[in-house]
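S.K.: In the numbering used here, the protein residues as written are 133 to 290.
Misleading hints may appear alongside valid ones.
Claimed, not checked - DSS-like, lysine-lysine: derived pairs with alpha carbons at most 30 Å apart:
no., residue 1, residue 2
1, Lys246, Lys274
2, Lys147, Lys183
3, Lys246, Lys147
To be verified - Label-pair restraints from in silico Cβ distances:
no., residue 1, residue 2, range
4, Asp140, Leu169, 42 to 48 Å
5, Glu209, Ala153, 43 to 49 Å
6, His158, Ala216, 39 to 45 Å
The hints are simulated quantities; they were obtained by calculation from the structure and are not laboratory data. Cβ coordinates follow ideal geometry from the N, Cα and C atoms, glycine included.
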Amino acid sequence: MTDPTVTDLRRELEKARDALAAAEEHLARHAEMNAALHCAERVMYSPLHAKVATAMHGVDHAIARTEPDPEDDAAIEGSRRRDAGLLAVLADLDRCMHGRHQGDDCGSCGGPSKGNHHLRPGAVIGYGLRGDRIVMPDRDYKHDPAAWRVQPNPEETP
């Protein structure tokens, strides 16, 4: 089950699960706050809290059902081929217009290639699901997935 539609479905389910987890935590804290405020001996959780928890279990079940079959070698190999194509694009982002990686000798650039003048190291090229910036890493770190991501700064969030 590595069909792009299933991949999109899994991503949307994971976003829904994150939202439900946040709602469940909020409802729990609210119920606990009310119990403390009224000096109650026990916490009374709302029916909505139970519905959110049930929905989370349903999402978890749906995510588990869309997991790729570990025995399906053809699906795994197809997924690897697609991933390899994406990785090749990422690895080529630092090339100059003559096709040389930044720092490699390029006769047309007159010495070492200066790389892609549109994407200098540190340039923001996108944003992740949680607002983390995707940046062009330095040449030495472009094979490190963590180097492509910068955690969001709470003061910069609009």
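S.K.: Each hint needs a verdict: does it hold in this structure or not?
M.R.: Verification of the hints:
1. As the CA atoms of Lys246 and Lys274 are separated by approximately 15 Å, the hinted pair is consistent with the 30 Å bound.
2. Distance hint between Lys147 and Lys183 is fulfilled; the C-alpha atoms sit about 18 Å from each other, no more than 30 Å.
3. A distance of roughly 39 Å separates the Cα atoms of Lys246 and Lys147; the hinted pair therefore is violated under the 30 Å criterion.
4. Range check, Asp140 to Leu169: Cβ separation about 43 Å, and the 42 to 48 Å hint holds.
5. In this structure the hint that Glu209 and Ala153 lie 43 to 49 Å apart at CB is violated, the actual value being about 34 Å.
6. Between His158 and Ala216, the C-beta spacing of about 41 Å keeps the proposed range 39 to 45 Å intact.
Violated hints, listed in ascending order, are 3 and 5; each of the other numbered hints is respected by the structure.
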